[in-house]
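Undergrad: Please take these sequences and the hints and turn them into a complete structure.
Chains as they are written, first to last, in our numbering: chain W, 1 to 336; chain L, 1 to 309; chain R, 1 to 345; chain B, 1 to 146.
No lab work stands behind these hints: they were computed from the structure.
These numbers come from a predicted model, not from an experiment.
Beta carbons are placed, not taken as given, at the ideal position from N, Cα and C, and that holds for glycine.
Just to be clear, a hint being listed does not mean it is correct.
[To be verified] DSS-like cross-link-like pairs, simulated, lysine-lysine; straight-line CA separation at most 25 Å:
(1) L:7 <-> R:265
(2) R:121 <-> L:7
(3) L:163 <-> L:87
(4) L:7 <-> R:65
(5) W:249 <-> R:293
(6) W:113 <-> W:180
(7) L:303 <-> R:293
(8) R:310 <-> L:292
(9) W:25 <-> W:52
(10) B:107 <-> W:303
(11) W:304 <-> W:216
(12) R:200 <-> R:6
(13) L:261 <-> L:144
(14) W:249 <-> L:80
(15) R:345 <-> W:52
(16) R:16 <-> R:121
(17) R:179 <-> R:9
(18) L:231 <-> L:144
(19) L:167 <-> L:143
(20) R:294 <-> W:73
(21) W:216 <-> B:60
(22) B:60 <-> R:265
(23) R:294 <-> W:76
(24) W:304 <-> W:174
(25) L:80 <-> L:163
[Stated by the list, open to error] Over 10 Å on every C-beta distance to chain W, these chain L residues come out as not near it, computed from the model:
(26) 14
(27) 16
(28) 91
(29) 94
(30) 140
(31) 146
(32) 148
(33) 155
(34) 164
(35) 170
(36) 237
(37) 246
(38) 298
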Amino acid sequence: MIDFKALEAEIKATAKKWLESGEVKFVIGYEKSPESPIARPFFAHTPEDTEKLYWGPDCINNLTLYLVEEMKKKPKKGQPPFTHAVGIVVKPCDSRTIVELMKEHMVPRERVKIIGVISEESINPDKLYLALKNVPASQRRNIRFHDAGENFRITYQGGELSVPKKELEADKCKVCVVHKAVIADVFVGTGEIEFKPDDFSDIKELEEMSEEERWKYWEQQMSRCVRCYACRDACPLCYCEECVFDREKPYRWVEKSVQVRENSFYHLVRAMHLAGRCIDCGECQRVCPMEIPIRQLNRFLIKKAKDRFKVFSGMNAEEKPMFGTYDLDDPGEEIK
Amino acid sequence: MSENIYKPHTATITDIQLEAGGARPIRTITMQVDDPEVRPTFFHKPGQFALISSFGTGESVFAIASLPNKDGIVQVSVMKVGNVTSKIHELEIGDKVGVRGPYGNHFPLEEWEGKNIVFIGAGIGISPVRSVYQVALLPEERKKFGNITLIYGARTPADLAFKDEFKELDTRDDMNLWLCIDWKFGPKGPTGESSAEGWPAINMAAPGETVIPEGVNKFTCFVPQLVEVVKPDPENSIVVTCGPPIAIKFITQALEKLGWKSDQIYTTLENRMKCGIGKCGRCNIGDSYVCKHGPVYTHEQVKSLQNEF
Amino acid sequence: MAKMIKKDKVRELLDKLANEKFDIFAPIGEDGITLYRKLGAETPLLNFQNSSKPPKEIFFPQTEKMFDITVENHRLVGATEPPMASNPILLFGARPCDMRAMKVLDALFTWDYTDPYYVNKRERSTVISFACTLPDMPRESCFCTSVGGATDSREGADMLWTDIGSEFVVESLTDKGGKILELGGNLFTEATPDMQAKAKQVSQEATEAISRKLDTEGVKEALEATFDNAYWDEFSARCLGCGICTLLCPTCHCFDINDLVVEGKASRERTWDSCQFTYYTIHASNHNPRPVKKHRQRNRIYHKFLYSEKNLGLLGCVGCGRCIYGCPVNIDIIEVVEGAKEVLK
Amino acid sequence: MTQENEAKDEWEPKIIGFLCNWCSYTGADLAGTSRLQYPPNIRIIKVMCSGRVNPQFILKAFQEGADGILVSGCHPGDCHYIEGNYHARRKLTLLMDLLDYMGVDSKRFQMSWVSASEGQKFAEVVTTFTNQIKEMGPQTKLRGVK
Chain W
1 MIDFKALEAE
11 IKATAKKWLE
21 SGEVKFVIGY
31 EKSPESPIAR
41 PFFAHTPEDT
51 EKLYWGPDCI
61 NNLTLYLVEE
71 MKKKPKKGQP
81 PFTHAVGIVV
91 KPCDSRTIVE
101 LMKEHMVPRE
111 RVKIIGVISE
121 ESINPDKLYL
131 ALKNVPASQR
141 RNIRFHDAGE
151 NFRITYQGGE
161 LSVPKKELEA
171 DKCKVCVVHK
181 AVIADVFVGT
191 GEIEFKPDDF
201 SDIKELEEMS
211 EEERWKYWEQ
221 QMSRCVRCYA
231 CRDACPLCYC
241 EECVFDREKP
251 YRWVEKSVQV
261 RENSFYHLVR
271 AMHLAGRCID
281 CGECQRVCPM
291 EIPIRQLNRF
301 LIKKAKDRFK
311 VFSGMNAEEK
321 PMFGTYDLDD
331 PGEEIK
Chain L
1 MSENIYKPHT
11 ATITDIQLEA
21 GGARPIRTIT
31 MQVDDPEVRP
41 TFFHKPGQFA
51 LISSFGTGES
61 VFAIASLPNK
71 DGIVQVSVMK
81 VGNVTSKIHE
91 LEIGDKVGVR
101 GPYGNHFPLE
111 EWEGKNIVFI
121 GAGIGISPVR
131 SVYQVALLPE
141 ERKKFGNITL
151 IYGARTPADL
161 AFKDEFKELD
171 TRDDMNLWLC
181 IDWKFGPKGP
191 TGESSAEGWP
201 AINMAAPGET
211 VIPEGVNKFT
221 CFVPQLVEVV
231 KPDPENSIVV
241 TCGPPIAIKF
251 ITQALEKLGW
261 KSDQIYTTLE
271 NRMKCGIGKC
281 GRCNIGDSYV
291 CKHGPVYTHE
301 QVKSLQNEF
Chain R
1 MAKMIKKDKV
11 RELLDKLANE
21 KFDIFAPIGE
31 DGITLYRKLG
41 AETPLLNFQN
51 SSKPPKEIFF
61 PQTEKMFDIT
71 VENHRLVGAT
81 EPPMASNPIL
91 LFGARPCDMR
101 AMKVLDALFT
111 WDYTDPYYVN
121 KRERSTVISF
131 ACTLPDMPRE
141 SCFCTSVGGA
151 TDSREGADML
161 WTDIGSEFVV
171 ESLTDKGGKI
181 LELGGNLFTE
191 ATPDMQAKAK
201 QVSQEATEAI
211 SRKLDTEGVK
221 EALEATFDNA
231 YWDEFSARCL
241 GCGICTLLCP
251 TCHCFDINDL
261 VVEGKASRER
271 TWDSCQFTYY
281 TIHASNHNPR
291 PVKKHRQRNR
301 IYHKFLYSEK
311 NLGLLGCVGC
321 GRCIYGCPVN
331 IDIIEVVEGA
341 KEVLK
Chain B
1 MTQENEAKDE
11 WEPKIIGFLC
21 NWCSYTGADL
31 AGTSRLQYPP
41 NIRIIKVMCS
51 GRVNPQFILK
61 AFQEGADGIL
71 VSGCHPGDCH
81 YIEGNYHARR
91 KLTLLMDLLD
101 YMGVDSKRFQ
111 MSWVSASEGQ
121 KFAEVVTTFT
131 NQIKEMGPQT
141 KLRGVK
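TA: Okay, here's the thing in C-alpha cells:
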C-alpha cells in the first residue's frame, strides 16, 4: 500500500532543498485545486511555494511539456545562453519522455533535476467523474485519495467513498511496462511492482476488423474532431517551433475546414511524427474534448516500431531516434 | 438586391506600377469595379481600407491609396510578404480581383482646415499616409491648409516607394519633403558615410543637434531621428503617421519630445483582419476593433487602449 | 396555459415535424459524449449532460462554404454564393445557457452589418429548450446563475420543456413555439396545475444544485485595473495554448475566412478560429500583437467579461462551464476572475 | 480538372510516381528511350532521393485525388547519398502499415527499387501497379468523397 501523504512530503522536502540551494530555478510539480477533482500542474518558484505541491493518483498531466517549453526559451540577442536547471516531478511513464527528449537533444541532462515517483497507476478523470456521480456537486471539493489495497478510499467535503482501483485506472496504465522512473536524481517511494509484458491486446479488436469496418470506425472518429489541436499542444514531444499545421507560408498543408478529409490528414501526419517517439503517456487522448481514441493510433505505431525495427522509445538516451537511423536488415518485403 | 456583406465585387486591374524593388517589392495596383451600379458605393474617405481578394488564394486588407472617386477606381499599394500579396504581385492588367469596402473610419480632414500638417510614413506605412496627402495637395484642397511637410523613410534605397512621385513632390514649393533610409544600411554604421550618395548620416545619439547642410533633405537614419532633425513645430499643427508598430512608438516619442500633444497625432493602425466588419474578432486592441472603431486613431486614443499591439 | 407531452410521444412529434420539412437537430449520444446532430430516425436523448460542442454550430457551422469561385477561361474571376436553404430548422433539446449565448451571437452578427449566413439560419429556426433538471444537469462546472442565467431561462428559446418524469411540461414562448403546438396537435395536452408546480419545483432543485458561484460585482473594475499585472503570467503559465476553451464556448464567435482549392474547384469558406492560437493575430510581417500564451488567455477573459459588454451590451459568458470542464490543465474561469479581483484588493 | 466521368469503365486512375533522380528517374528515361510501353496514368515527380519523400507527401497526394502512389528509388546499398533509401524504407513501410490500420488499402501505395539500367523493370512495375489500381477503382476515403 502506498501512503500518498508520505510521498507528497518527500517531494516537498526535495523540492524545497533544491530551491533553497538554488540548484534549480523552479520545480514543476502538481497542486490540488479546490474545485477540480484532478490535480493540476504547478510551478514552485520559492521554497515557500513547495508547500502547495501535491501527490496522488490524480496527478495525470505529463509535466515534461513545461520542461521542454523552458528549455526552448532563448536569451535576448547578445546574452549568454541559459544554463539554469529546472526541477520536475515525474511519473515513471513521464520519465521516458525526458529520455526521449534527451535523445533528441531538447533537454540537456545537466539542466534537469528529476524527482522520480514510484507509482502504481493514475486514474482516468472520466471514470472518476462517473464514480463521483452520486456525490452532490457542492460536496465535490478537497478530494483526496487514500490507498486501501484493492480500493481507493476517496474523501471529499463531508464524506467518503470506496472505489475499486481497477474501475478508476487509466487505460494507459493497464499496459504500462515501467513502474520506476527510467531516469531520476531522486527516487520517491519504494516497492517493486511486477508488470506483465505488453501484448497490445487493446488494439487487437481493431486490427482484426475488415478494412471497410476499420475505415468506417475511423471515419466516424475523424468526423468528430474539432481541431482544437489539444492533442498536439498537450504532447511533450510536439515541440516544433512552428507546427506544420499552423504555418500558412508558403503553403498551407492542412485547411482549416473540419471534415474527414482534413482531419484524417492531420491525425495521420501527427501519428507519423510521433512514430518511434511516442511513449504512450496518453495525454493526447485524455485532453481530447471529442473523445477521439487517439492513443489507438499511437499504440499501433508503437507496436509496429517494436515488430519492425525493434525500437521501444524512451528507455535509453544513448540510442538514436528511430527515424534518425536505420538498419541494413530492416524488413522491406513490401517493396517490389 | 439582397446584400451579402462578404461578397466581393469583381474588379478589373487597369494598371500596375512597380514602386519599389528589394527583398519585399511594392506594387501599386489600380483596379476598377466592373458593375457600374456598384462603382459609386466605393466613394471612400482618406484612411479607409478595402479588402482585396485574389480569387482562389484569399482576401487581404489594404489601405485605399487612390483619390476619392465615384468611378469605382480603387488603388492599393501591396508589399509582397504573404500568400495573398504574392499572388497579387503575379497578376496582370486585365485580371479579375475581388473588392469589398470601403470600411473603417477616416481622417477628419475637414477639421484640420487652417492647420499645418506633417505627414510621417515608415516603410509600407506610407501607403495610408499617401491617401491623405494626395487629397491635401489637390489644388482646391491645398488652400485650406497651412504648411505641409512630408517625412518618409524605408529600409534601403530600393525599398523607397513612389520614387517618381517623390521626385515631383520634391520640386513643389508648397510643401517640404524629407526622406531617409535606415542607417544600418550605410557602409560605416551610425557615424560613417552612407551608401546612398549625398544622403548624409545623422548623429544618432543626438539627432536634434545635427546641422543640416543647406538644400539637403535626404539622410541616413531611422524615421524617428529624422523627425527630431526636422523639428516640426507643434503650434496649430497635426501629424498623420503610419508604419510598423515599433516605428510608430518611437515616432510618437520623438514628437512628444518636441512638445506635441497626443491629440495632435493621428495614426492608422493595422492588424490582421479577415472580415473587415467587426465580426471575426482578431483585430481587437482591447475593446476596440481596428476594423470598426479604427483604423484611424489619435495617439491619445491609442494610449487609452490596452497595450497590446 | 401550459401544455404537456408524454415522453413516448416525442418521437411521434418529431416525425410530424420532419414531414413538415423541418431539419431537426437534436442531442445524440456518441462514444460517451453528447453532440447535436441532424436527426434521422433515431430517438434523441431526452436526459443528457450538456453537449460537448455547443449547438451554436447549427447556426454558425464550424465549416461553412461562403462562395464558389467561378472560373472563366482557366482564370478565377468571381464569387457566387451557394443557394441558401429555406426550410425550417428545429433545434430540439437545447440547454438554456446555450440559448442565452445565442443572444450574444445575434447581437454580433447584426452589429452594423448583417451576416447573411447566420441570420438566414437563425430566422428559419425554432428552438425548444430543455430546462436543466437533476440528475444529469447541472454539471459540477455549471455557474449560469452567477452570470444572469437560470436553469430554466427562457431567453432565446421559442419553447421551454421541463422534464418532470414521464412527461415534459411545455411552455410556448413565441409564435414559432405556438406553431409547434399547432403542428403537434393532440400530442400536446393540457398540463395539470400539479404538473406545473412539479416543473417549478424541479427547476428550483436544479438551481439549488449549482455549486459554483462567481460574483460579477467589481469584475470589470478589476480587469481594467490589472491588465499589465504579473498575475496574468502566473495563471497562464500552465496553459497549453490549445483551442478547447474557445472552440467549445457557446458565445465564442471568431472565425477565419480562407480560399481553398479542392480537386480543381475553388471556394471560399469560413471556419471557426480561436484567439488561443499563435497564428490568429500574426501580421504578414511576422509581427504578432499577442505573441505569448499570457496575452491570448488574457484576451479571452477580457473579451468575455469586459469587451463584450462594452461593444454588444451583453456579458460574453453564460456560465455553461465547458471551458472549466474541458480544460486539460484546469484553468478555471471563475478562479481566474475571482483572482483578478483579489489582485486589485 | 473536374471529374465529370466517374463511371468505372471510363474512369482512368491517377497515379503519382515519386522517382529518385539517380536511379528510378533514369530508369524511367531508359524505358522511354527503349520505346517500352507502359500505361500513361503515372504522373512523375522527380525527387533527389527516395529518402526525401516525406510521409506527408503521400498523404497529401491521396487527399488531392491520387488513386495510387508509387515511390521508387535505388536498390538498397546503391543510394547516391549512401543511406537515403534505407531511411525511406523505414518511414514508408511504417506508413503503409498505418494506412492499412486506418482502413485505407495500402496496396494503393507501392514502393519499388528500380536502378538506372532497369528500364524494363520500371515499365513492368508501372504496368502491374496501374492494372492493380484499375481493378481497385477510385480512391475515395482520404479524398473525403462519399
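Undergrad: Hint by hint, note whether the structure agrees.
TA: Here's how the hints hold up against the structure:
For the given pair, residue 7 (chain L) sits about 18 Å from residue 265 (chain R) by alpha-carbon distance, which is consistent with the 25 Å threshold. As the CA atoms of residue 121 (chain R) and residue 7 (chain L) are separated by approximately 18 Å, the hinted pair is consistent with the 25 Å bound. About 24 Å separates the Cα atoms of residue 163 (chain L) and residue 87 (chain L), which keeps this hinted pair within 25 Å; it holds. Restraint check for residue 7 (chain L) and residue 65 (chain R): the C-alpha separation of about 12 Å stays at or below 25 Å, so the hint holds.
Under the criterion of a C-alpha separation no larger than 25 Å, the hint pairing residue 249 (chain W) with residue 293 (chain R) is consistent with the structure, at around 22 Å. Between residue 113 (chain W) and residue 180 (chain W), the direct Cα distance comes to roughly 16 Å. Compliance with the 25 Å bound is thereby established for this hinted pair. Annotation: proposed proximity of residue 303 (chain L) to residue 293 (chain R) holds, straight-line Cα distance about 23 Å (limit 25 Å). Between residue 310 (chain R) and residue 292 (chain L) the CA atoms are separated by roughly 14 Å; this keeps the pair inside 25 Å, and the hint holds.
Pair hint residue 25 (chain W) plus residue 52 (chain W) holds up; C-alpha atoms about 17 Å apart against a cutoff of 25 Å. A C-alpha spacing of about 21 Å is found between residue 107 (chain B) and residue 303 (chain W), which places the hinted pair at or below 25 Å, so the restraint holds. Proposed proximity of residue 304 (chain W) and residue 216 (chain W) is supported: the alpha carbons are some 22 Å apart, at most 25 Å. Distance check on the hinted pair: residue 200 (chain R) and residue 6 (chain R) sit about 18 Å apart at the alpha-carbon level, within 25 Å; holds.
Restraint check for residue 261 (chain L) and residue 144 (chain L): satisfied, since their Cα atoms lie roughly 22 Å apart, inside the 25 Å limit. A distance of roughly 12 Å separates the Cα atoms of residue 249 (chain W) and residue 80 (chain L); the hinted pair therefore holds under the 25 Å criterion. Proximity of residue 345 (chain R) to residue 52 (chain W) is assessed by CA-CA distance (about 23 Å); at most 25 Å being required, the pair is judged to hold. A distance of roughly 21 Å separates the Cα atoms of residue 16 (chain R) and residue 121 (chain R); the hinted pair therefore holds under the 25 Å criterion.
Proximity of residue 179 (chain R) to residue 9 (chain R) is assessed by CA-CA distance (about 18 Å); at most 25 Å being required, the pair is judged to hold. Annotation: proposed proximity of residue 231 (chain L) to residue 144 (chain L) holds, straight-line Cα distance about 23 Å (limit 25 Å). For the hint linking residue 167 (chain L) to residue 143 (chain L), the alpha-carbon distance of about 22 Å falls within 25 Å, and the restraint holds. About 15 Å separates the Cα atoms of residue 294 (chain R) and residue 73 (chain W), which keeps this hinted pair within 25 Å; it holds.
Proposed proximity of residue 216 (chain W) and residue 60 (chain B) is supported: the alpha carbons are some 20 Å apart, at most 25 Å. Taking the CA atoms of residue 60 (chain B) and residue 265 (chain R), the gap is near 16 Å; set against the 25 Å cutoff, the hint holds. Restraint check: the Cα-Cα separation between residue 294 (chain R) and residue 76 (chain W) comes to about 19 Å, which is no more than 25 Å; the hinted pair holds. Only pairs whose Cα atoms come within 25 Å are accepted, and residue 304 (chain W) paired with residue 174 (chain W) is accepted, the gap being roughly 19 Å.
Restraint check for residue 80 (chain L) and residue 163 (chain L): satisfied, since their Cα atoms lie roughly 18 Å apart, inside the 25 Å limit. The beta carbon of residue 14 (chain L) is kept farther than 10 Å from every beta carbon of chain W, the shortest such distance being approximately 29 Å. The beta carbon of residue 16 (chain L) is kept farther than 10 Å from every beta carbon of chain W, the shortest such distance being approximately 22 Å. For residue 91 (chain L), the shortest C-beta to C-beta distance to chain W comes to about 18 Å, beyond the 10 Å cut-off, and the non-interface label holds.
Residue-level check passed: residue 94 (chain L) sits 26 Å from the nearest beta carbon of chain W, beyond 10 Å. With a minimum CB-CB distance of about 44 Å to chain W, residue 140 (chain L) clears the 10 Å threshold, and the non-interface call stands. No beta-carbon of chain W is positioned within 10 Å of the beta-carbon of residue 146 (chain L); the least distance is around 44 Å. Residue placement check: residue 148 (chain L) keeps its beta carbon more than 10 Å from all beta carbons of chain W (closest about 39 Å).
Non-interface call for residue 155 (chain L) relative to chain W: holds, since the shortest CB-CB distance, roughly 19 Å, exceeds 10 Å. The beta carbon of residue 164 (chain L) is kept farther than 10 Å from every beta carbon of chain W, the shortest such distance being approximately 31 Å. Every beta carbon of chain W lies more than 10 Å from that of residue 170 (chain L), the smallest distance being close to 37 Å; the non-interface claim holds. With a least CB separation of 38 Å from chain W, residue 237 (chain L) remains clear of the 10 Å interface cut-off, as annotated.
Annotated as non-interface, residue 246 (chain L) keeps its C-beta farther than 10 Å from every C-beta of chain W; the closest such distance is 15 Å. The non-interface label for residue 298 (chain L) is consistent with chain W: the shortest C-beta to C-beta separation is roughly 33 Å, beyond 10 Å.
When held up to the earlier numbered hints, the structure conflicts with none and fits them all.
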